[in-house]
Amino acid sequence: MVTDLPFAWSHGCGLVSTTAGMLRSCVFELEGVAFDPFARATWAPNAFPQLPGHLRTLGAEFVCLPFGGDPVAGVSAGWEGARAAQPVVPAHGRPADEEWEIVAQGPGGVSLAPMFPDDEPIQRLERRIAGVPGEPAVALSVSITARRATVTSLGLHPILRLPEQPRSLRLQVGFEAGFTYPVIADDLRPQATAGRRFAALERVPMGDAHEDLSRLPLDRPAEEIVQLAGVTGPVTAFFEQERAGVVIDWDRRRLPCVQLWLSDRALGGDPWRQGYRGLGVEPVASAFDLPVGVSIAQNPISQAGYPTSVALGAGETVTIGYSIHAFSQK
27 MVTDLPFAWS
37 HGCGLVSTTA
47 GMLRSCVFEL
57 EGVAFDPFAR
67 ATWAPNAFPQ
77 LPGHLRTLGA
87 EFVCLPFGGD
97 PVAGVSAGWE
107 GARAAQPVVP
117 AHGRPADEEW
127 EIVAQGPGGV
137 SLAPMFPDDE
147 PIQRLERRIA
157 GVPGEPAVAL
167 SVSITARRAT
177 VTSLGLHPIL
187 RLPEQPRSLR
197 LQVGFEAGFT
207 YPVIADDLRP
217 QATAGRRFAA
227 LERVPMGDAH
237 EDLSRLPLDR
247 PAEEIVQLAG
257 VTGPVTAFFE
267 QERAGVVIDW
277 DRRRLPCVQL
287 WLSDRALGGD
297 PWRQGYRGLG
307 VEPVASAFDL
317 PVGVSIAQNP
327 ISQAGYPTSV
337 ALGAGETVTI
347 GYSIHAFSQK
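All residue numbers for the sequence shown refer to the numbering used here, where the first residue is 27 and numbers rise by one.
The set of hints was computed from the structure by calculation and includes no laboratory data.
Being a predicted model, the structure only gives us computed values, none of them experimental.
Treat the hints with caution; some may be incorrect.
Computed Cβ-Cβ distance ranges for the label pairs, DEER-style [as the list claims (entries may be wrong)]:
(1) SER169 x ALA235: 19 to 27 Å
(2) VAL129 x GLU55: 22 to 30 Å
(3) GLN267 x SER167: 27 to 35 Å
(4) ARG269 x ARG246: 34 to 42 Å
(5) GLU202 x GLU266: 46 to 54 Å
(6) GLU342 x GLY256: 47 to 55 Å
(7) ALA340 x ARG246: 32 to 40 Å
(8) ALA110 x GLU228: 29 to 37 Å
(9) GLN300 x PRO75: 15 to 23 Å
(10) ALA323 x ARG174: 15 to 23 Å
(11) ALA175 x GLU228: 36 to 44 Å
Just so it is clear, CB atoms sit at the ideal spot from N, CA and C, and this is done for glycine as well.
Kindly produce the complete structure, drawing on both the sequences and the hints.
Dropping the structure here:
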């Protein structure tokens, strides 16, 4: 059963679920107008009890430790390790599946922590979600304490909604190198050429041509994943028809990449049923959403000089702060 924890502050309100520690919704007040930039599941919470917790309650944002899923069969050159890597069970790690305990709760925010078995290298994870007084913004943090030395992938998982009008959501992000998804998988139906590098989001390789992924949605159903490495600043997403947007900012020393997951009415099966529409803007230290074994080993992204994992010493605590700030531009 989903337990929603409401919070509110001067410039907005939201709901946090104890399942997967999910920020299920967050609405900002911009000059007296409600602005909701996040995607929503097209299915009811817990309509599919067999799915991992983050899919049962899918909403605005959650934490992935490790960041990854199943091994894959068809991959492009250089990514062969993805075939034999051990799967992440459950997908995106224990925190993205289980119930979290409430550490602290107040009118303006909440802190939660999932439980880890004594035999796991991670001892504790705690996250804080709170509105920023006087601003249309939420401040978030993730603190991870290691029981013993470990290396893992890690990711944050905000998901923005896609507007109805094609090309009316504009993305701005500085980065040093872009990578297309290296997996050739029929169920994803990616059109971007697998395993390629690119220098501009406006020119992502697709067959003999290029696609502009800086302006979304496309004029057709799509399922695309790209990773931007060496990110040099926050990601700005501007909804042109609403003249409003969000700035997603985070500690890029720890999470040097951002994965963009465009999921627009292309995935079939439960729970998607070719109806889900969202754009994941996911700060990561990971090699895409491939199994953690790929991220902690040498791979084309790490070989290019961009870390795809996080190392923690025994007893060490790492805290990563991030924020989502809404704005209007009338």
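Q) Hints broken by the structure, by number, lowest first? A) 1, 4, 5, 6 and 7
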